[in-house]
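Spelled out, the chains give:
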Amino acid sequence: MVEKFDAIVIGAGPSGNAATYTLAKAGLNVLQLERGEYPGAKNVQGGIMYAAELEKIIPDFRDDCPTERHIIEQRVWLLGDDNYIGTNYRSDAFNTDRPNRYTIIRANIDKWFSEKIRAAGGLQICETTVTELIRDGAGKVIGVRTDREGGEIHADVVIMADGVNALLAKRTGFQQEAAPENVALAVKEILFIDPELIQQRFGLKDDEGVVIEIMGKVTKGMVGTAFLYTNKESLTIGIGCLISDFKAGNCPPYKMLEDLKRHPVIKPLIEGAEMKEYAAHMIPEGGYKAVPQLYGDGWMVVGDAAHLNNAAHREGSNLAMASGRMAAETVIELKQSGLAPTAANLAEYKRKMDASFVMKDLKKYRELPGIMHNNKQFFGAYPDVITAAAHNWFTVDSVDKKTKEKEIMASFVKKRSVFGLVGDALKLVRAVR
Amino acid sequence: MNMMVKVEDKLYQNRYIVDESRPHIRIKDAESCTSCTSQACTYCCPAACYSRNEAGSVTLITDGCLECGTCRVVCQDKENIQWDYPRGGYGISYKFG
Ligand SMILES: Cc1cc2nc3c(=O)[nH]c(=O)nc-3n(C[C@H](O)[C@H](O)[C@H](O)COP(=O)(O)OP(=O)(O)OC[C@H]3O[C@@H](n4cnc5c(N)ncnc54)[C@H](O)[C@@H]3O)c2cc1C
Ligand code: SF4
Chain A
1 MVEKFDAIVI GAGPSGNAAT YTLAKAGLNV LQLERGEYPG AKNVQGGIMY
51 AAELEKIIPD FRDDCPTERH IIEQRVWLLG DDNYIGTNYR SDAFNTDRPN
101 RYTIIRANID KWFSEKIRAA GGLQICETTV TELIRDGAGK VIGVRTDREG
151 GEIHADVVIM ADGVNALLAK RTGFQQEAAP ENVALAVKEI LFIDPELIQQ
201 RFGLKDDEGV VIEIMGKVTK GMVGTAFLYT NKESLTIGIG CLISDFKAGN
251 CPPYKMLEDL KRHPVIKPLI EGAEMKEYAA HMIPEGGYKA VPQLYGDGWM
301 VVGDAAHLNN AAHREGSNLA MASGRMAAET VIELKQSGLA PTAANLAEYK
351 RKMDASFVMK DLKKYRELPG IMHNNKQFFG AYPDVITAAA HNWFTVDSVD
401 KKTKEKEIMA SFVKKRSVFG LVGDALKLVR AVR
Chain B
1 MNMMVKVEDK LYQNRYIVDE SRPHIRIKDA ESCTSCTSQA CTYCCPAACY
51 SRNEAGSVTL ITDGCLECGT CRVVCQDKEN IQWDYPRGGY GISYKFG
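Going down the list, the sequences are from chains A and B. UniProt numbering puts the first sequence at residues 1 to 433. UniProt numbering puts the second sequence at residues 1 to 97.
One thing to keep in mind: the hints can contain errors.
Unchecked claim - Now the stretches of chain B that chain A is said to cover, found in silico as 3 or more residues with beta-carbon under 8 Å:
(1) 20-33
(2) 36-43
(3) 51-60
(4) 84-91
FYI, nobody ran anything at the bench for these hints, they're computed from the structure. By construction, the Cβ of each residue, glycine as well, lies at the ideal position given by its N, Cα and C atoms.
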């Protein structure tokens, strides 16, 4: 006999965990399938975790959630060849009982979340790859097939939370393969280091943390960003660029990461640390226009698999959790009203999403990916002229300030015409307005 | 070559559960790689799984694969990569992620 569940969730990342937990807590009979050896074995994150979405799902998560440091300072740096210019924002007001952002180690969080799911009565099976969605004669999704013995598993509804590769939706014809300009490849390392060194180098006490978002020459003119985050006993360093640029750029990702680690302003921060893991993962960065169909007869797609990622703000896991929760809530409401999960009824999931920050934010930034992709000067020429201008300005050398101003303006105009500069500024303003 | 050594050092830190002689990614037709001008897989793969061989084609060894999907995306116009996940439980197993 074929086993039958109220819902099957594919994947144990933040989106799948949010969905499974919400369903289990409401008393539904839910099965979660994960291909990794354990939850988190396949997942990669920078990682900053935003409290708000997790708090909606597990209000008292802070009691036992294995977070690393809560963030009291955010730095945004533009790196030149041997220098940087940037902004830092630090506030003691971030030292509250209920911090807003934490650095995390992905695998720890995923394991913790899974325990919550089991405690809520959800069934989770790892080491199981879903190979196929099963559909009935009318095309309705009625279950899944896995690479384990035992054939089919059926469910009223299948939630695909399988991450950026989204193989199942692509194979079933629900989605197209992602275009290389719509996905970034990020590589990262975790570097273990004496916590005291972290505190000294970043000016921290206890479990306070600093995060640095990095742009500039380190991406070698490619559209991308880098990051350096403080964990309890480790630092996370990574860099990612659009795959279309890697394809054209001829600089292998691991070399880019190595160059970042050797950059004269980064090196002193990570010196003496021991590398314990090297990871790579794609990030969906096409934004609003790349979001596929989110639901159909008997199925929904959530998180990275639905391209829900806000590259401008480096938010992904919170959009994943929000979409997982809203998908689950839709299923729960249908179940309670005795309605079938047809495409028409599951459209409620999309309505919920449209009304939430997830789609509103993606829509607001819908022009940004295109602008970044077509205006490489943001990543090539600008870091150079801006850092050179700063160098000129801050060098005290008996040249009068008026002359310095003129030199700086001239260097900007030389790199890019005044019209170009003004045009770029306008485009950016329009994209983020 | 120098670069290859370095990526191997990185991969050495990782935990893999190798599914012996069951590679999850396959080049469909190695012959047609000889006519690919970019061979982008050889420099886009973060684990350097692909390398250009003496015959001018591409050799793939998936042992260090991080399962990112990049090679599938860069080769989609040629459609010469058959890409799948390893069997459940196998492949890269991140301790930290
Ligand atoms: C380098 C990097 C840095 C990032 N930094 C941040 C950050 O600082 N803050 C932030 O909020 N977001 C960040 N993100 C984005 C964030 O990690 C993702 O948005 C988030 O993990 C998406 O969650 P998900 O559950 O949709 O997918 P995933 O986390 O990718 O989970 C998918 C799960 O599905 C499983 N799976 C896939 N296919 C199958 C199958 N066929 N059968 C069974 N299981 C399957 C996988 O093993 C995996 O566990 C970062 C991403 C990267 C790569
Ligand atoms: S999936 Fe990623 S790591 Fe694996 S072979 Fe392809 S590009 Fe390389």
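Hints versus structure:
{"no.": "1", "hint": "20-33", "verdict": "violated (count 0)"}
{"no.": "2", "hint": "36-43", "verdict": "holds (count 3)"}
{"no.": "3", "hint": "51-60", "verdict": "violated (count 0)"}
{"no.": "4", "hint": "84-91", "verdict": "holds (count 7)"}
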